[in-house]
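Construct the entire structure; sequences and hints are all you get.
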Amino acid sequence: MPENIDIPNKLRDLLDAFASMADRSERIATLIELADEFAPAPALIAKPPYPDSALAPYCESQAYVFAHDEADGTLKFYFAVENPQGVSAKAMAVIIDQTMSKAPLDQVLAVNTDVIYEIFGSELSMGKSAGLMGMMQLVHTLAKERLARLARAIGSEESVL
Amino acid sequence: MSEANTQTEPNAIESREYIHPEVLVTTEWVADHLDDPAVRIVESNEDPLLYSAGHIPGAVEVDWTRDLNDPLIRDYLDADHFASLMARIGVTKDTTVVFYGDKNNWWACYAFWVFRLFGHTNARVMDGGSVKWAHESRPTSREIPVYSTTSYEAPPRNDSADRAFRDEVLTHIKANKQLVDVRSPEEYSGERMHMPDYPNEGALRGGHIPGARSIPWSRAIHPDSGVFKNAADLKQIYLQENSLNPDKPVIAYCRIGERSSHTWFVLKFLLGFSNIKNYDGSWTEWGNLVGAPIEK
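Residue numbers (my numbering), protein chains in the order written: chain L, 127 to 287; chain F, 5 to 300.
Here are the simulated distance ranges between beta carbons:
1) F:36 - L:146: 43 to 53 Å
2) F:293 - L:177: 33 to 43 Å
3) L:210 - F:35: 16 to 26 Å
4) L:170 - F:170: 47 to 57 Å
5) F:142 - L:166: 19 to 29 Å
6) L:177 - F:82: 45 to 55 Å
7) F:97 - L:238: 42 to 52 Å
Because the hints were derived from the structure by calculation, they are not lab data. We put the CB at the ideal spot given by N, CA and C, even for glycine.
Here it is as structure tokens:
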């Protein structure tokens, strides 16, 4: 990812940390520590059965992505992972939450889906990488929808004035 | 497959009337052999995090990309690298290697198949894989075991008995010999060029190799438990419904050879097919081959 793209600072820090890792085992240990922090979306945000619209495309782990509108115009991301073996999906969920929740939405949209290779390494299978990219795609969709709602709100305020 | 839901889970492996029941072990058998120095438990997964997140105590990991494939050429490791792998995981020629993993043992069967190319036939697959082990609340560990390095002399890889290449497949179909496409029905028909929930892996054409019967890999297992169906049910699928002759050559293929190694295992060992090969080039090769015949 080019240095000049403005992605959330917390994500940049995390990517720098992954880039500095000497070996695969260190990366895996870090990802598992992150996966261990995973907590599913609270019932206030979403309850099973979760809607198909929240299901990350291509994700075998059945990862669902939700977002809550924050007052400052940002989003707080929440997740559910139905497959108990979905360790990678859980790690990705925690990373998205910790680095993109409450970040400026234009910065969230600046995150390329290829970021998964910087996080998980280049050895990901096609199926696994597609699922993790699917989670990022859904994050992008939610960010775009939030920006559209904000634009409409500003438009209606201006029409009143 | 909905049909499997109506069938009861099979009982003990010995009662399922497989031709070679010795290639399968139960989770209980594995639990009883965790400390057996003559047994090496090997986890092989698609997800590179699963092993480190918790594995059968004492199990080692064999990664399908890093450990079994050549990093440069699309091929498997050579004898020197296989010997190094075996030395690293503490296996001798006398060690019984037991494979298990995610995805209903796709990668376990794949590793089992690659090990066989090097003549390591003292190998088993744990029926039901890691999902069954977890469902039974059996113990897992994050401790990476360390075993004494062994000295393993590996013979040159012998692909002739169990592996098919594209030219052999071409000859095979021209002779109207038996071919099994184990992908999803949508991939077989050409409606999609990848399995459901997977992206297209670059195949330029959709469909199947002419003459191939569509028998998705998943028909061989009970979907809830992941264990293999008994021989009578497997015969019904492969012999009665699809008219495969176990005494004549068969080639199985999928997308990259992982699902078809599962079917290869079923046909060769559980049903005793005399000549079954896995075409690991599979659709990612055939669907891109200039001039290769395709049916839809």
